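We have chain A already, so just place chain B on it with the hints.
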Amino acid sequence: MGGLQKKKYERGSVTNYITRNKARKKLRLSLPDFRRLCILKGIYPHEPKHKKKVNKGSTAPRTFYLIKDIRFLLHEPIVGKFRDYKVFVRKLKKAYGKTEWSAVERLRENKPTYKLDHIIKERYPSFIDALRDIDDALCMCFLFSTFARTGKCHVQTIQLCRRLTVEWMNYVVAARALRKVFISIKGIYYQAEVMGQLITWLVPYQFSHDHPTDVDYRVMATFTELYTTLLGFINFRLYHSLNLLYPPKLDSKAECELKEENEEDYALNSECYLEKLSALSASLARMVSSAEEEEAQLDQFPVEGEDMEKLEAREREQKEQEAQKKLFDGLKFFLNREVPRESLAFIIRCFGGEVSWDKSVCIGSTYEVTEETITHHIVDRPNASTQYINRYYIQPQWVYDCINAKIVLPVEDYFLGVTLPPHLSPFVEEKEGDYMPPEKVKIMALQRGEKPAQEQEDEEEEDEDEDEEEEEDDNDDEEEDEEEDEEESEEKNLKKMEKQRSQGKSLQVKVTPGKMKVENPERLEQEEKAEEKRLAIMMMKKKEKYLYDKIMFGKKRKIREVCFILLLIIDSHVDKTVCEAP
Amino acid sequence: MKKVREKTAKKRSKEEEEEEEEQIFNFKDKPAGKEEEDEDLSDSEESVFSGLEDSGSDSEEDEKESDDNDDEDDDDVTAVESKQPKQTEEEEEKEEVVGGVTEREEEEKKEDEYEHDSSDEEDIRNTVGNIPMEWYKDFPHIGYNLDGKKIFKPIRNKDELDDFLDKMENPDYWRTVHDKQTGSDIVLSDEQVELVNRLQKGQFGDVNFNEYQPSVEFFSSDVMIHPVTNRPADKRSFIPSLIEKEKVSKLVHAIKMGWIKPRRVEDDTRGRFYDLWAGEDSSILGRHKMHLPAPKIPLPGHQESYNPPPEYLFTEEELALWEQQDASDRKLPFVPVKFSSLRQVPAFSRFIHERFERCLDLYLCPRQRKMRVNVNPEDLIPKLPKPKDLQPFPTTQSLVYRGHSGLVRSISVSPSGQWLASGSDDGSVRFWEVCSSRCMKTVQVGGAVKRPVCLSTCRPHSYVASSCECGRAVHQVAWHAKGDYLASVMPDHSSHLQVLIHQLSRRRSQNPFRKNKGLVQCVSFHPVRPYFFVATQRSVRIYNLVKQEMTKKLQANSKWISSMAVHPGGDHVICGSYDCRLSWFDLDLSTKPYKMLRHHKKAVRGAAYHRSYPLFASASDDGSVIVCHGTVYNDLMQNPLIVPVKVLRGHVITHDLGVLDVTFHPTQPWVFSSGADATIRLFT
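Heads up: the sequence lines are chains A and B, in that order. According to full-length UniProt numbering, the first sequence holds residues 1 to 582 in order. According to full-length UniProt numbering, the second sequence holds residues 1 to 684 in order.
Hints in this document: simulated from the structure, not taken from any laboratory. Any given hint could be a false lead.
As the list claims (entries may be wrong) - Covered by chain B, per the in silico footprint, the following chain A stretches (three or more residues, Cβ under 8 Å): (1) 135 to 143; (2) 184 to 190; (3) 216 to 229; (4) 236 to 242; (5) 393 to 401; (6) 422 to 430; (7) 542 to 550.
What the hints assert, rightly or not - Computed far set for chain A versus chain B, every beta-carbon distance over 12 Å: (8) 4; (9) 29; (10) 175; (11) 311; (12) 317; (13) 332; (14) 372; (15) 373; (16) 448; (17) 516.
To be verified - Okay, the calculated bits of chain A under chain B, using three or more residues with CB under 8 Å as the criterion: (18) 54 to 68; (19) 333 to 340.
Note that this is a predicted model, so its numbers are computed, not measured. C-beta: ideal position from N, C-alpha, C; glycine also.
Excised from the complex, chain A in its bound form (with noise of 0.2 Å):
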């Protein structure tokens, strides 16, 4: 053979990977440091395919990151900002010890900053890329501009934060972006379509937050520290690629209208445009003022390969996407003091409508209460002190419920005292054979535009639902049913034959007259290819048959769960049948 023997970790996976310890010694930083490369720039530990070998041999739990990302971050000019900062503070502590204050305030006047553009630069190369991975920015920003301006984290933090998530929700109403909403216990998820990507964000309610102790906010603040730069960005180029300011303006018409009323009352000057901003009343200055974007019509090119159904298909989701972003127009709505103006006026103002609220509230309000224009009032106590007759006096959910639906639906079911339908996620896309709430089927019955009499067929409803529940049953189990009766039979039979044979101690030689098996010709066939398939899967090899019992196990279950659920649903119509007897 010859040549050297090849020692036994120095080649293969073992090459690609450097431990975490390994890493931070190569970059000599230390771990916060590290850690805050990390999130920076977007390293993350990667798991190898056989860690023992990379662990060469070992099986201690080990963190491994990629030798190449270690590489790329020996390069950073960031790394050169910590050290600096970590001389600034230990300069700034000597200074301190000695009480050398000119000496402190020069220090500090020269304390080391660093920007992150670059980072944001190198990590999205293009414009897609950063506006895909926004997700967690948006949620990052929004629970950042909730806290309160004590301790947790610096105030002009907070303060860019609730700016940048004005400024992006201004975006969002401007361009009509927004798809889908949903409450949830947690807070509110908005989903909007943003240059073709789908970008969801949960918002939390308007709460103070009691601070948990397990939680290390320095490293939220450092992912905030790199998610407002990046939304920073994306708020940029958005809000031109709308023809709009950035920084946001008012639109000068808006601007006078509000200008009216008496800001003094409200906040500070320099707080009051932004303010002003976050009521999401009014529209934005635009850097070319033209008065409506015509729509140039889209001209189509058909692909070959594509068939005329699915460009149908896609013309008419585009229609739809089309009528929903009109939703709301020509409503207008108030708002009631209880319900959370923020979030209602977003949504409304992205569908089209327009909205007001209690001049107290906030600044921004639009109209009055009395104004008899008014279509919906927006209400969440059991009832209204005051009912003006010409407009719809509903529950918050209608409007979500809307939108999700894509239609406006009707109101009965929504107003003040009544039992609230369920609110369903708008995230769900059931599959075949998946469980579908029965409030989803209607409204998509409603989507449909079938439009059941609502008095006369409430209780029809029902019972059409319990039937469909019952077919459902019924087409899972009669399979079952069928095997289990001829079972039965056979065992009732032999059961016979036991007790004869028992009482007379000899079976009686009887003959009877023959029936007449009468064979259901589709049955057997079925049956053939059952047993055929049983056969064929005895055959399967070792690896296939385990996947396949996985992955039949899988849908065996989804199955039961669907079952399980109807049979509560079941129980739950008779529970109120018994209730409803006496």
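Below, chain B without anything else, positioned relative to chain A:
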């Protein structure tokens, strides 16, 4: 203060030596000339002082002045009086005249030294010090004067009556003060009374003192041309400081070396945003190919709604289960809750936690690309020829042979296919007619019934060989194809006499193996060639009987072989094993099984090939017989095709034993099976 006092005391002693006589004279004079003095006091200053001398320690000012630097004192008072107008004059003068004024001021300063002499010593006539005077009440004297002479008390002490009389008669009684130190009474003069009154009112002692006189701004906001003092400037005020020079040079050096940096220009571009992606060029590649973008947070389902459909709420059992489970095992990280209206929804307590965990996931969690199997399970099922196309094979149970009372261990069919022999644990061998399922004959073989009975029917003649326990158990008997030889197996760990080959024609037995190579399970003759198959626990050995050597050793890859059958062609072997497997060996291919069939759920007990049809069957403890189609091709390139065609059930499992043996009918596609339920069944 002490020093000062001492000094002044010395001074005074000198002065007083000079004026001794005068003072003494004065002293003695006082009581006598009281009234005269009262009148005089208003006129002369001297008298004022002398009067004060008597009063002792009334006020500091008095004391100071009572130091009796007589001449100077006089001057002093005048000086003080004249000073104030002077000062104002001086200021006026200052603006006009510059010259000799300073000198004059200096002179005045010298004089002032005495004025500010703050010796606060008392006028001491009695040198006893500050002691309670009652200590002297039993003595005729009251202390000592400065010369050390006794000061005697007034001879006649005043009693109450005297006092009273005095009070009533003496018009000056109210202004009379008793001096305890000297024991004499002093009558205050008008001026002194006035002074006391003024002091009691909180006013200045000096009548002429104007407390509201305009203050002179010594250091005013106006820039003065002249220095405030006429002190000559220091040398250091016009020589550049060395220390400062040193400091400056240090700073200069530090700047030169780059240790001190110029003040940074305020960087206001930090919060500024611009079009970062303006020059978007595709030349900047993204990450390397190993980059795995973080997965997005899964979207919420109906359960997370604030008002979910009722079927998504937890039942009590589910809630209990949720609470018991570890956080990582839970299906949902939260409990679904229903609120009747939006205003009742509280803040989510774990919101910050969840965001934080997401952050941790993003930068701490190792990522790995996992291929999700996206397979249609139907595609995994192999495409096999339909059993229908592979007919004939047994499909239904047609006959049951009843009669045995114990497990039917083995069965065998006569070459003609008319007769069936079976051996059972009840110690009997029965012969059945195949078509009618009648037992034609029963042979009791020995008394030891519990031992297995094995038999085999040879083809050309219709001998039946049956083995039974005679000391040791014969496990199996196998016939050679020509019917002259018979091999019997007697499993034994220790001996090399496990396999014996008997020759019928010569009635001779021989032991083919010299050594024990493991526990022999079963043996078989090759149907055509002089080969002999011996299955031990884990392998099958093939011996060439002519050359008397081992030609092959097949590894069965199973724990314990139970049965073996050789294909009528002689090139294929199937081995059933107790670990539920049936392995098919192709002798042309390798010593490893060509195919492992894991069809059975329990131990495989028997295996058999059909003589003419491409069928083989295996019997197992799970009560089933599985018939497979196994075509063997003459073409060496084509591997045998194995397709399971039928699962035959019918035997009842008793004592965990199901089907024990299986045999094919020699001519028809029928299969016989014998089971632990004491029956033999025919499937056609």
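Practice task
Report the numbers of all earlier hints that the structure fails to satisfy, in ascending order.
Solution key: As far as the earlier hints go, not one is violated by this structure.
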